[in-house]
Amino acid sequence: MAEPLLEVRGLRKAFGALQATDGVDLDVREGETHAVIGPNGAGKTTLISQLSGMLHPDSGRIRFAGEDITRLPAPARSMRGLARSFQITSIYKEFSALDNVALSVQAHAGHSFRFWRPARREEALRAPARKILDEVGLGARAEIIAANLAHGEQRQLEIAMALATSPRLLLLDEPVAGMGTEESQRMVQFLGTLKGRRTMILVEHDMDAVFSLADRISVLVYGRIIATGAPQEIRTNPEVRAAYLGEES
Amino acid sequence: MSRRTIILGIVLLVLAAVPPIAAALNQPFYLDLLRRIMILSIAAVSLNLILGYGGMVSFGHAAYLGIGAYSVGIFMFYGVTNGYLQWLVAIAASALVALVIGAISIRASGIYFIMITLAFTQMLYYLGLSLEEYGGDDGMRLAEKSQFPGLVDIGDPTVFYYVVFCLLVACMWITHRIVNSRFGMVIRAAKSNDARTRAIGFSPYPYRLAAFVIAGAMCGLAGALYANHLAYITPNLTSWQQSGDLMFMVIMGGMSTTAGPLFGAFALLILEDVLSSLTQHWQIILGPILVLVVLFAKRGLAGLLPGKEDDG
Numbered sequence: 001m002a003e004p005l006l007e008v009r010g011l012r013k014a015f016g017a018l019q020a021t022d023g024v025d026l027d028v029r030e031g032e033t034h035a036v037i038g039p040n041g042a043g044k045t046t047l048i049s050q051l052s053g054m055l056h057p058d059s060g061r062i063r064f065a066g067e068d069i070t071r072l073p074a075p076a077r078s079m080r081g082l083a084r085s086f087q088i089t090s091i092y093k094e095f096s097a098l099d100n101v102a103l104s105v106q107a108h109a110g111h112s113f114r115f116w117r118p119a120r121r122e123e124a125l126r127a128p129a130r131k132i133l134d135e136v137g138l139g140a141r142a143e144i145i146a147a148n149l150a151h152g153e154q155r156q157l158e159i160a161m162a163l164a165t166s167p168r169l170l171l172l173d174e175p176v177a178g179m180g181t182e183e184s185q186r187m188v189q190f191l192g193t194l195k196g197r198r199t200m201i202l203v204e205h206d207m208d209a210v211f212s213l214a215d216r217i218s219v220l221v222y223g224r225i226i227a228t229g230a231p232q233e234i235r236t237n238p239e240v241r242a243a244y245l246g247e248e249s
Numbered sequence: 001m002s003r004r005t006i007i008l009g010i011v012l013l014v015l016a017a018v019p020p021i022a023a024a025l026n027q028p029f030y031l032d033l034l035r036r037i038m039i040l041s042i043a044a045v046s047l048n049l050i051l052g053y054g055g056m057v058s059f060g061h062a063a064y065l066g067i068g069a070y071s072v073g074i075f076m077f078y079g080v081t082n083g084y085l086q087w088l089v090a091i092a093a094s095a096l097v098a099l100v101i102g103a104i105s106i107r108a109s110g111i112y113f114i115m116i117t118l119a120f121t122q123m124l125y126y127l128g129l130s131l132e133e134y135g136g137d138d139g140m141r142l143a144e145k146s147q148f149p150g151l152v153d154i155g156d157p158t159v160f161y162y163v164v165f166c167l168l169v170a171c172m173w174i175t176h177r178i179v180n181s182r183f184g185m186v187i188r189a190a191k192s193n194d195a196r197t198r199a200i201g202f203s204p205y206p207y208r209l210a211a212f213v214i215a216g217a218m219c220g221l222a223g224a225l226y227a228n229h230l231a232y233i234t235p236n237l238t239s240w241q242q243s244g245d246l247m248f249m250v251i252m253g254g255m256s257t258t259a260g261p262l263f264g265a266f267a268l269l270i271l272e273d274v275l276s277s278l279t280q281h282w283q284i285i286l287g288p289i290l291v292l293v294v295l296f297a298k299r300g301l302a303g304l305l306p307g308k309e310d311d312g
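Protein chains in written order, with the working numbering: chain A, 1 to 249; chain B, 1 to 312.
For the record, the hints were derived by calculation from the structure and aren't laboratory data.
What you were told as hints is all true, and nothing was included just to trick you.
DEER-style ranges, computed between Cβ atoms:
#, chain 1, residue 1, chain 2, residue 2, range
1, B, Y205, A, G23, 31 to 39 Å
2, A, G137, B, R177, 30 to 38 Å
3, B, T5, A, A140, 25 to 33 Å
4, B, V11, A, D68, 52 to 60 Å
5, A, E239, B, A119, 51 to 59 Å
Restricting the straight-line Cα-Cα distance to at most 20 Å, the calculated cross-link-like pairs of lysine to aspartate or glutamate (EDC-like) are:
#, chain 1, residue 1, chain 2, residue 2
6, B, K298, A, E94
7, A, K93, A, E143
8, A, K195, A, D27
9, B, K145, B, D32
10, A, K93, B, D194
11, A, K131, A, E143
To list a few chain B residues with every Cβ distance to chain A over 12 Å, as calculated:
#, residue
12, I21
13, V57
14, Y84
15, D137
Cβ atoms here follow ideal geometry from the backbone N, Cα and C, with glycine treated the same way.
Build out the structure end to end from the sequences listed, making use of the hints.
Written out as C-alpha cells, the structure reads:
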C-alpha cells in the first residue's frame with residue numbers, strides 16, 4: 001500500500017505534569033476523511049496544533065507527503081499543503097469576508113514584497129477568493145466586515161480561508177462548534193461535498209456529524225489513541241463505549 | 001470619497017494657502033509653527049505605519065528624528081553643506097539603524113518590544129550627550145541650511161515651507177499606497193491576528209522588519225528637515241518625551257488612518273502652543289486632555305469622522 005499522506009509516530013507533548021499527547025500514532029490516507037473524537041480534555045486541539053505547527057512536540061515524528069515536518073514552523077507547513085481551521089473562530093475581524101479569503105490566496109501567490117499596487121484591485125487574488133466564498137455559501141456576504149457576520153458565517157469563513165490555500169490536508173478543529181442545528185446541518189452538508197475530493201482530519205464533538213462524514217475514526221482519550229477504525233467498528237468497540245460513547249448516550 | 005478624505009483635502013488646501021496669508025497679515029510666526037507641525041507630522045505618519053497599521057508599539061521612534069538631524073548637523077560641522085548628500089545620508093543612516101533595532105526588537109512582542117525600542121533610543125540619547133565635539137548636551141547651532149544647488153533655496157522661509165508641505169503630502173501618499181498593497185495587507189493581517197496569519201502561510205517577521213525600516217527612513221527625513229527648521233541639533237530630539245509625543249500624535253489623531261497623524265500633530269502642537277501661552281504649568285492641563293481623548297475617542301480625531309480604516 002502507498003505511504004499515507006500523514007504519518008504520526010510516538011508523538012508526545014506535556015504541559016507541566018499534564019501529558020496532553022501521550023504517544024500518538026496516526027495514519028491519514030490520501031483522500032480519506034479521518035475523524036478524531038474524544039471526551040473534553042482528551043488533547044484533540046493540542047494534537048491539531050502540533051500537526052499544524054503552532055505547538056512543537058516534546059518527542060515523536062510527523063511525516064507529511066513523504067517529508068519529515070516535525071520541526072517546521074506553521075507557515076512552512078502551510079506552504080507544503082497543510083491548512084487548519086480553529087476551534088475558536090480566528091479570522092481578521094476588521095476586514096471584509098472577501099479580504100480574509102484573498103489574504104489566504106495571497107499567502108500562496110509568491111512573496112508579498114509588493115508595495116505599490118492596491119491589493120484589493122488585484123483580480124488574481126480577488127477572483128479565486130470570490131469563487132471559494134461562493135463554494136462555502138458566503139458569496140452574497142463577500143463585502144461584509146467579518147466582525148459583523150453571524151457566528152455560523154464566521155465558521156464558514158474559517159473553512160474558506162483554509163480552502164483558499166489549496167491544501168492537501170485540511171485540519172478542521174470542531175467546524176460546527178457553537179452552531180445552531182440548522183447551521184450545523186448546512187456545514188455538515190458542505191463538508192460532505194468536500195469528502196473524497198479533499199483529505200481531512202476532522203476533530204468534532206457532534207457525533208451525528210462524525211458518523212455521517214468520517215471514513216475512519218480515531219478515538220483519543222487522555223492523550224492516547226485507544227482505537228482506530230471504520231465508524232461501525234468504533235460504534236461497537238467495547239473499550240470505546242466504556243471510555244467515551246457510553247458517557248454520551 | 002468619505003467625509004474624512006474631504007476634510008483631509010481641505011486641511012491640505014489650507015496648509016498650501018498659509019504662506020501668502022501669513023505674509024499679508026505680517027505674521028511670519030504662523031509659517032514657522034505650521035512648518036514645525038508638518039515636519040513632526042511626517043514623523044508621525046512614519047510611526048503610524050508601524051504602530052497603527054503594523055501594531056508595533058515603538059516607544060523609540062524619536063531615534064530616527066535624532067539620527068536624521070545629526071546627519072545634517074555633523075555634515076554642516078565639517079563644512080559639507082550639500083543637501084542632497086546630507087538628506088540621503090540622513091535617510092540611509094536611519095534605515096540602517098532601524099534595520100538593527102528592528103531585527104532585534106521584532107523578535108520580541110508586547111511589553112518587551114516597547115522596552116527594547118525605548119532602550120535603544122535611550123542609548124542613542126546618551127550617545128548624543130557624550131558627543132562633546134558636537135555640543136554634548138548643549139547641542140549645536142547650524143550656521144546655514146542644507147544647500148540644494150540648482151533646485152531650491154530653503155533659506156527662504158516660504159520655499160522651505162513648500163518643500164516641507166510637498167514632502168508631507170508625498171509621505172502620506174506613499175504610506176497610503178503601501179498600506180493598501182499586498183505588503184501592507186500582510187502587516188495589517190499580522191497585527192489583526194498573528195496565529196491566523198502564520199496558519200495561512202505568512203511568516204510575518206520579514207514584512208514587519210521591512211515596515212520598520214521604511215518607517216525609520218521616513219522619520220530620518222523628518223529629522224533632516226527638523227534640523228534645518230530649528231537650525232540646531234540636540235540630544236533631546238531622541239528623548240523619550242519626544243518618542244511619547246509622536247505616539248500621542250498617532251493615537252490622538254487616529255491610528256491606521258491616512259489623515260490621523262496629521263490631525264494628531266496639529267492638535268498636540270497647537271494645544272501645547274495655546275496652553276503654554278496661558279500658564280507655565282500647561283502640562284498639568286495637557287495631560288488630562290490627552291487621557292480623556294484616549295479614553296473617549298478611541299479611534300482618535302480621525303475616528304470622529306466617518307470613513308473606513310484606510311480610505312483617508
